[in-house]
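Here the protein sequences line up with chains U and C, keeping their order.
Every number in the working numbering is 255 more than the matching position in the first sequence, counting from 1.
Every number in the working numbering is 255 more than the matching position in the second sequence, counting from 1.
Treat the hints as calculated values from the structure; they're not laboratory data.
Honestly, I wouldn't trust all of these hints.
Because identical chains cannot be distinguished in the list, a pair is counted as satisfied if it fits within a single copy or across any two copies.
[To be verified] Computed cross-link-like contacts, EDC-like style, restricted to lysine to aspartate or glutamate with a CA-CA straight-line distance of at most 20 angstroms: (1) Lys517 x Glu424; (2) Lys648 x Asp448; (3) Lys276 x Asp408; (4) Lys276 x Asp550; (5) Lys517 x Glu283; (6) Lys352 x Glu369.
Bear in mind the structure is a predicted one, so any value in this text is a computation, not a measurement.
Number of protein chains: 2
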Amino acid sequence: MRDAVGVGILGFGTIGTGVAKVLLRNREVIARRLGFPLQLVRIADLDTRRDRGVDLEDIRFDDDAAGLISDPRVDIVIELIGGYDAARRMILDAIAKGKHVVTANKALLALHGEEIFGAAAKKGVDVAFEASVGGGIPILRSLREGLAANHIDSLYGILNGTTNYVLTEMEQTGEPFEAVLKRAQDLGYAEADPTFDVDGIDAAHKLTLLVAMAFGAQLTYKDIPTEGIRNVAPVDIEFAEEFGYRIKLLGIAKSHTDPAGKPRIEARVHPTMVPADHLLSKVDGAMNAVAVRGDAVGTTLHYGAGAGELPTASAVVGDLMEIAREIQRGQAGRVAPLSYMPEELHAVDLVPLGELRARTYLRFTALDRPGVLSHITGALGQAGIGIESVLQKGRGLASESVPVLVLTHPAAEADVRAAIDEIDRLPDVTGPTRLIRIEEELSQ
Amino acid sequence: MRDAVGVGILGFGTIGTGVAKVLLRNREVIARRLGFPLQLVRIADLDTRRDRGVDLEDIRFDDDAAGLISDPRVDIVIELIGGYDAARRMILDAIAKGKHVVTANKALLALHGEEIFGAAAKKGVDVAFEASVGGGIPILRSLREGLAANHIDSLYGILNGTTNYVLTEMEQTGEPFEAVLKRAQDLGYAEADPTFDVDGIDAAHKLTLLVAMAFGAQLTYKDIPTEGIRNVAPVDIEFAEEFGYRIKLLGIAKSHTDPAGKPRIEARVHPTMVPADHLLSKVDGAMNAVAVRGDAVGTTLHYGAGAGELPTASAVVGDLMEIAREIQRGQAGRVAPLSYMPEELHAVDLVPLGELRARTYLRFTALDRPGVLSHITGALGQAGIGIESVLQKGRGLASESVPVLVLTHPAAEADVRAAIDEIDRLPDVTGPTRLIRIEEELSQ
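Chain U on its own, in the form it takes in the complex (with noise of 0.2 angstroms):
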């Protein structure tokens, strides 16, 4: 066998700790697999106190997490501080001292992600990052290798395991939003601050990396349209089920050429209502998956756990088996750009959400009045857009105010919103009109 190739953890968290215990345990099957072993030889975090219930014999703990970068043992610098300032500069550090990296840290590279790999292809060293999206799912390896033939039309995922379970468990009980969120987090499974995962900013920056490796485009998060789960009510549930659809929080890209031929991008997070019978809207509680369809594969679909410590743990050591087979042959540095080598990524106009056509599903809320519902679908005629279905739920008195449900045919978002605006100015609508697309495709 092989010299073995040596490994620091910075950050001994959740996932630092699942990086550990995978090592360790799976020691003799990577080593197997490799023909090499993968040692991990320090691991640096300022809370060394703290018992994470792993063996660590042979291998120094302590808060310098320059000394890690520097230690000449250490050929991969496995980066899992989390957060923007500490971990970029980290990163960028082990770059500039010639190590690789791998790390998880979605928010970082969806906001800095040129910098670091353009400082890591100057220097010639990876930058993997598979657990960064959807966890464990060997999506990004699957995208960058395995559907390398193809064109990919669309991608459609469901990238963020809070806001999933949290819809599940809305579903399940019919309670509302705020009291299933506070269930979560008394349980663990939601943050004490949820912002990132409940609007969608989580998800947002996986789709920021899934769209660089699908399509080679080149956004920072801030610009891709992303609305959370906050104002998902349970009569819209009810709805959508009675229509055959589910509601999920989807991250969607797909392909686009404007009229002149030139390659545009869709990319948006929100919530989503998905035909009942189409495999995404099947994956409960806090799984992820993305369906990717390619012009030669058609749809493929990749489920699993999104977050965790083990699962993300099984993504960055198979990212560290990769590196390491690399540095072994002496041809490390071309693992894991942000897209395909030698392709660079490139800038691409968005499509605007006005342009996108679909049907459209719309919660108006409105005093339960006559001449209500023909006052608002009289605004929506005007504009031009057709109506499927009209649900008015409830009866209250008429001083109390009730949803009344629309599904349209398929219409410009621009008309939706236009008549929307309208709508919302009527005396008798007393709130914010609520509206969540429906993805037509994915009946496909």
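Here the structure of chain U is known, so what remains is to put chain C in place on it, guided by the hints.
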């Protein structure tokens, strides 16, 4: 851009046509991702007359397979002839001439894999075969790379599209196997001689390759206990539905350790009752899917088209791209060993079917006479097999046979088999008893 890597196709049938289409149609995106073009320089097939709808300009097309293999412009030979003898000879010939090989020929690899991979390793060339399992689904690559950090605990695959199509149709129409098969043949979804598909042999071929990849286990498909779907009756499907299952033809493999600590493998292909809420049971029609459980990642599922011109071509061209990249780096010869290189395949003991322990569905065929049920249940009781449910379907004349359906508590299959042998000798039992295994682990 660097020089092109040259490709030759042996066998210009459905898949060969698909490969040519993908190479030509996606020429630009492939070249951009690789940094150099893949050039289709030659095609050989006995039938040189039929128009495949592919623009063959600049591509030599004749019936000279030996010439193609020897052509110095051909770096990678794609074997798409199928079958055993000629394909084996040509692959070995190509290897001997230092050519890399891509094949979709699971039948050949599941029987002669050892010889072929041995010859390739000796010569230092690659034999890649992603297309041989799961069509366009990058499942072998995921096992080899994305999930490489895991001990694989189990895998469950819907590996044959024809049988999944037939079972789905039987469910939806209530028609018997023969009628549905006949229609599938008329529609071109099943071969004129459907033996390989409906008797589970094709699934066993694929399971052989999955087991090699996941466990490093050296088997041929003949080692794998295999049962097809010919004996699945509409009444079985009805019963399954009533009890919350769907019947799927699964290839199943699990990793075990015998009491002395020696590794053993469970591998089998048969109709299986799958819990109706499991994703595998939602895989309909001709689609394939493989669920993999790893010790770190938990369960992942990989879904897509398991056959067809373009999906299979997607996998073939993905392999071509991987080998071509290695050729350009001067590193070819390590891409696609049957197992992880340099781990070698090793012989393993198979767990005998008699040792399986599971809830089991039994369909007895008996005359509808008083006492029959008590004879059957009595024999089961004497063998120590607990009964969860009994259903006697239909009521005919005393001289007519009716199905008696039994769901057992978990029991060792050897005991169940012994009881069946005894029951099948009862005078009132008029036909062979059918057994369908229930895969309980899938409900977790």
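20 angstroms Cα cut-off: does Lys276 pair with Asp408 within a copy, between copies, both or neither? This pair counts as between: shortest inter-copy Cα distance 17 angstroms, intra-copy 38 angstroms.
Check Lys352 against Glu369 for me: Cα-Cα at most 20 angstroms, and say if that holds within a copy, between copies, both or neither. within (19 angstroms within a copy, 44 angstroms between copies)
Within, between, both or neither: Lys648, Asp448 at alpha-carbon 20 angstroms: Neither. Shortest intra-copy (33 angstroms) and inter-copy (57 angstroms) distances fail the 20 angstroms Cα cut-off.
Given a CA cutoff of 20 angstroms, do Lys276 and Asp550 count as a within-copy pair, a between-copy pair, both, or neither? The answer is between: 11 angstroms across copies meets 20 angstroms, while 40 angstroms in one copy does not.
Are the CA atoms of Lys517 and Glu424 at most 20 angstroms apart within a copy, between copies, both, or neither? Cα proximity of Lys517 and Glu424: none, with 43 angstroms in one copy and 43 angstroms across.
How would you classify Lys517 and Glu283 at a CA-CA limit of 20 angstroms: within, between, both, or neither? Classified as between: cross-chain Cα gap 15 angstroms, same-chain 51 angstroms, threshold 20 angstroms.
Of the numbered hints stated above, those contradicted by the structure are hints 1 and 2, listed in ascending order.
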